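*Asks:* If you want the building blocks of each chain, they are given just below.
4 protein chains.
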Amino acid sequence: MVERMGISVAVTGASGYAGGELLRLLAGHPDFEVRRVTGASSAGTPLVQSQPHLVGSPGASALTLEATDPARLAEADLVFLALPHGQSAAIAAELPDSTVVVDLGADFRLADPDAWASYYGGTHAGSWPYGLPELPGQRAALQGARRIAAPGCYPTSVALGLAPLLAAGLVEPDDVVVVAASGTSGAGRAPKQNLLGSEVMGAVSAYSAGGVHRHTPEMEQSLSAAAGTRVTLGFTPLLAPMARGILATTTARLRPGATAAQLRAALATAYDSEPFVHLLPEGSWPSTASTLGSNSAHVQVAADEHVGRAVVTVALDNLCKGAAGQAVQCANLAFGLPETTGLSALGVAP
Amino acid sequence: MVERMGISVAVTGASGYAGGELLRLLAGHPDFEVRRVTGASSAGTPLVQSQPHLVGSPGASALTLEATDPARLAEADLVFLALPHGQSAAIAAELPDSTVVVDLGADFRLADPDAWASYYGGTHAGSWPYGLPELPGQRAALQGARRIAAPGCYPTSVALGLAPLLAAGLVEPDDVVVVAASGTSGAGRAPKQNLLGSEVMGAVSAYSAGGVHRHTPEMEQSLSAAAGTRVTLGFTPLLAPMARGILATTTARLRPGATAAQLRAALATAYDSEPFVHLLPEGSWPSTASTLGSNSAHVQVAADEHVGRAVVTVALDNLCKGAAGQAVQCANLAFGLPETTGLSALGVAP
Amino acid sequence: MVERMGISVAVTGASGYAGGELLRLLAGHPDFEVRRVTGASSAGTPLVQSQPHLVGSPGASALTLEATDPARLAEADLVFLALPHGQSAAIAAELPDSTVVVDLGADFRLADPDAWASYYGGTHAGSWPYGLPELPGQRAALQGARRIAAPGCYPTSVALGLAPLLAAGLVEPDDVVVVAASGTSGAGRAPKQNLLGSEVMGAVSAYSAGGVHRHTPEMEQSLSAAAGTRVTLGFTPLLAPMARGILATTTARLRPGATAAQLRAALATAYDSEPFVHLLPEGSWPSTASTLGSNSAHVQVAADEHVGRAVVTVALDNLCKGAAGQAVQCANLAFGLPETTGLSALGVAP
Amino acid sequence: MVERMGISVAVTGASGYAGGELLRLLAGHPDFEVRRVTGASSAGTPLVQSQPHLVGSPGASALTLEATDPARLAEADLVFLALPHGQSAAIAAELPDSTVVVDLGADFRLADPDAWASYYGGTHAGSWPYGLPELPGQRAALQGARRIAAPGCYPTSVALGLAPLLAAGLVEPDDVVVVAASGTSGAGRAPKQNLLGSEVMGAVSAYSAGGVHRHTPEMEQSLSAAAGTRVTLGFTPLLAPMARGILATTTARLRPGATAAQLRAALATAYDSEPFVHLLPEGSWPSTASTLGSNSAHVQVAADEHVGRAVVTVALDNLCKGAAGQAVQCANLAFGLPETTGLSALGVAP
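Protein chains in written order, with full-length UniProt numbering: chain A, 1 to 350; chain B, 1 to 350; chain C, 1 to 350; chain D, 1 to 350.
Note that these hints are calculated values from the structure, not bench results.
A hint or two may mislead.
As the list claims (entries may be wrong) - Interface residues of chain D toward chain C, partial, derived using beta-carbon atoms under 10 Å:
id, residue
1, 121
2, 122
3, 205
4, 209
5, 241
6, 243
7, 303
Unchecked claim - Cross-link-like lysine to any residue pairs, in silico, SDA-like; alpha carbons within 20 Å at most:
id, chain 1, residue 1, chain 2, residue 2
8, C, 192, A, 86
9, C, 192, C, 64
10, A, 192, C, 33
11, A, 192, C, 211
12, A, 192, C, 42
In this text the structure is predicted, and so the values were computed from the model without any measurement.
Glycine residues also receive a C-beta, built at the ideal position from the N, C-alpha and C atoms.
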């Protein structure tokens, strides 16, 4: 047996959906050992009562949810913060610099204080290395990092699709149009009437349209970095009748002379050696179902000559590659482990 | 009791989804009496075997599916053609000019033979009055008409949302971007592996992206008429895990100075007196569930100042306002009946 | 035009699911006019904000939710109570005897105070005529009634399937086994984590198994009346991933010599002249989808010779024939209107 | 690194649902290497075209579907047969005795030729060791076996729930009543109208009721072995609107004096040391969602004193513990590998 690193892990927000997915992945991770789980409202109850899908895990079955106490989190080598935005900064401030902290919330994603102020409000906590290893040059920034801001689910799907086309100069950076449909788990586990099964089953609905969604500046930040110039986009999110998955459709005006072959080549170059991002064969379009429960993103592209736009579609699991899986992928990089440790690239389908 | 017109009706394609919805609506229509139903593959079998939701209708329960014989269809005052495209023209040619014929297929929707040739191929059958009464000036063209081309489901959702904004000169006619999610019934009832419940449940997927979907020229035709100039658009359809419903997101660049209030006013002016198209209150976004089984379309609009685009979202039931309900609405106009006869504006929700 | 009775109606619990379905049906009812809607938590807000599927109804769009004030309810000719159990009795006590009151809650369904005490607890409010017209002799009890207890959704599905077999002496009254799957709307609209779309989509789960569900004594009461002897049953409810619908499977031991033909004949005799309950053709099995949004129940039966049990399956829409539709059907009887007024027997399918 | 056995594997029926799940599991199995995949109708096409969820697997991406040729299958150390019933026997006959063959079909499950004849018809192929290791004494029969008949999905769920209660003499062996709801993948991938997403979404329906379902004798065989006497049961299957999962409700009459505590103790004794079968804590009921994509079964039991019946509910994933996962578990036993190799006990939820 290989010598395994016994890395102790703490997970906050363990009673939520991202927390539940993190714990599912960590239960199968050979090097990370979950020692502590916290969940404000459920403190004192067995973890499996909140997360019955973990009942088959001897480790998870032995855990009890605690209140979130930074002093006790500090005992861990690795801390995942899966909390509503605005709660991570105070906790992170009390953790040793040597602790690896991966924040699944928004607090440390944006470098621009003005963007934070206008979309989230309140004080800007600062920014950490952005945990999307497949972006140009980003992997190096994550290897050995002690603080990592895991990306949002929508921004991951949009950045993976469009960044290579912008970096290759094949599409215009302004007037990008994004419409992305998400499963309901992206809206969290707090009970709300509009998220009841009775309301969402059989329904596709729009929300936060008109450029007000908080993921907009995060998308623009990633894409601007890839383009080397300011990218602006309009984003319309949709709620779809499924628990998991995002299907993002991103269109951008083609640069003069850009061809479908060039679009395809740019994505192939970016992803052919990536373990988790896959450009689909021509004629095959992404479906969220093919990525369910996996850390994969499926990408396809077309050139709409009729209106002169590139159309990129990306499917991924919002809780896995869009949240928990990506966080584990980043933690692997932080500890120098093989990037795919404990993660699957295969969807549970049908 | 008012004197009722005993209008005899024949429905072709009665074993399909649009046919089944037509028969559900017609069973509750006080003036239309279905005398004949045809369905190629199921000829000779009881209608309710193919359409068990009609078992509670004495009339429908007494009907047997027949082969499609124009000579027998000619006995009806009103014929609905719910057939795959390419099959309507030959049948229509054998029906008397005095028969009211409403075609739910694509054959007679496009005025431009070149558009037909490039998107459908084969011979162009010609064009009939376009059955979308809520379009500017269109209602008059349908009153008393003997031949009507009922619109496609996607084009209905896009035209209802954008036409008033184009007519009011508030948005640019070029570079319109449409992403619309449809329920699976829009793909028809012929068994295909990619439409199996196991494949579509829990899945949102893209298809026919890149400007190749056949509804593209139909959308452009309606919108160009409303704009008074050539409109071009890029259309990406999505398949969503629900049986019915379309949620269309259409964005167009704002004309200089156009405001959110102007966008809203243009839609309010267009629809405040319409029985089936409803501009939602501010802050409320359309959901397909609220229109299920109804002939309604729900509309909402926003101005995305950040990128200078109008964002219109429209929800409707693809089988009702997007197909069978619209066809009945048009038939009511053709016979001079109240336009809402036999139709409901209220969705079955939750 | 026929002379219509202008019957004024008040609906309590109008912001819930049963209330929303009641208002959808009442908007299309030619004799009932909704003048007042109440909803505790949403008092003061427009009805359509809670029930967006009603936005197409001029009448419903003009209504504002009020607090529930018996004095104001008393102004109505007809009052529907769609409240959690335990709340109806106090309100009903303040309404004039001349007012027709239909309670969709459980308060007045059980005749046996002990059954009430053991399953619901607290004081027994008494019992009203049971609003299931298709039960033997029950229709007469509802014609002209001023107080009606509308049945529960599960009990409706079980009684319609088994009562005729018990009345005909074809099955044994003891050891009846019921397993019924319900859509999530049966659990109400109050936000709960276990009812979130993310939890219920893709999931069938059991709950309240082991004979503890409150609908058990109500089922036994109806079936005992039909059998003329004490009927006991074991009931296991399931939650299914759909908003609406109940599929009930009820099995009972066959009396010696009872045949499949006799089972079928008993159901045919009971329902062949009923407008809303339909025995399906042999070889066809009930599906909840075929009854969606309708007041119908679809019934099928088989004799399992292998174990000597009758197997009856019944599909209906828990919010319509299982709640609001049944309530309107009963109100029609109370006012001497045609029983089917304002109701459809056809499901919205697919 | 541990020394790994390089066991070569062939999978027939690789283009179906069970085949796709097998390949997902095998891609993550450290000792089994898939060298050959066959699929009659898709022979010559890339595997990932039929199974897009495998696109992230370098191994699976390199495979092409072949026609099923026993001579080439014989090159493998391990052959999984995932074929419609009736096709396995002829192929198995041509494979060396030394090859480990796991049949996911029904051909070799039944020991009684009469049961085969009456439920399947045609010649009885014989019987192989039954691949449900958690049944009393069954594990030993599978260790080192060269031929294994993997159980059906429904029989697995029923046997796991009731066998321990029968073995402990707590319930009567006659008049067992089973109602089980399955996701649509259990009906296979061949396109059929009644399995279209449009037909199954929003619908629970019954089928094959009245004791005619082919899994009935298989259930009785397992349960009779556990009871040590003849067990008879009535089985009603339901189709539920989800791709995967079975929720089985099994009730049996309690033996005099049998208590809820005894029922619970019998299941705890049977499963406390099992890696894949889990008795849930009291008050928690099984949900198929908690087992999605895992090889787990979740079990709960109650004593319905009211009618004197035990009620056992079991949730599992019909494609994993109900088919492919169980097959891999059995193959691990055949090769003397740790039984859990390559399998997860944790569901993908929500």
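*Asks:* Indicate, hint by hint, whether the structure satisfies it.
*Replies:* Hints, one by one, checked against the model:
1. This hint is violated: residue 121(D) has a C-beta 17 Å from the nearest C-beta of chain C, more than the 10 Å allowed.
2. Below 10 Å, beta-carbon pairs count as interface contacts, and residue 122(D) has none with chain C, the closest being about 21 Å; its hint is therefore violated.
3. Proximity of residue 205(D) to chain C holds as hinted, the smallest CB-CB distance being about 4 Å (cut-off 10 Å).
4. Among the interface hints, the one on residue 209(D) holds; its C-beta lies about 5 Å from the nearest C-beta in chain C, closer than the 10 Å criterion.
5. The interface hint given for residue 241(D) holds, since its Cβ lies 5 Å from the closest Cβ of chain C, which is under the 10 Å cut-off.
6. Satisfaction of the interface hint for residue 243(D) is found here, the shortest Cβ-Cβ separation to chain C being roughly 7 Å, below the 10 Å cut-off.
7. Given hint, residue 303(D) at the interface with chain C, holds; its Cβ is 7 Å from that chain's nearest Cβ, closer than 10 Å.
8. Distance check on the hinted pair: residue 192(C) and residue 86(A) sit about 25 Å apart at the alpha-carbon level, beyond 20 Å; violated.
9. Between residue 192(C) and residue 64(C) the alpha-carbon distance is near 26 Å, which puts this suggested pair outside the 20 Å criterion.
10. At most 20 Å may separate the alpha-carbon atoms for a hinted pair to count; residue 192(A) and residue 33(C) exceed this at roughly 32 Å.
11. At roughly 31 Å between alpha-carbon atoms, residue 192(A) and residue 211(C) are farther apart than 20 Å, so this suggested pair is violated.
12. Taken as a hint, the residue 192(A) and residue 42(C) pair is honoured in the structure, with Cα atoms around 15 Å apart against an allowance of 20 Å.
Going through the hint list in order, the structure does not satisfy hints 1, 2, 8, 9, 10 and 11.
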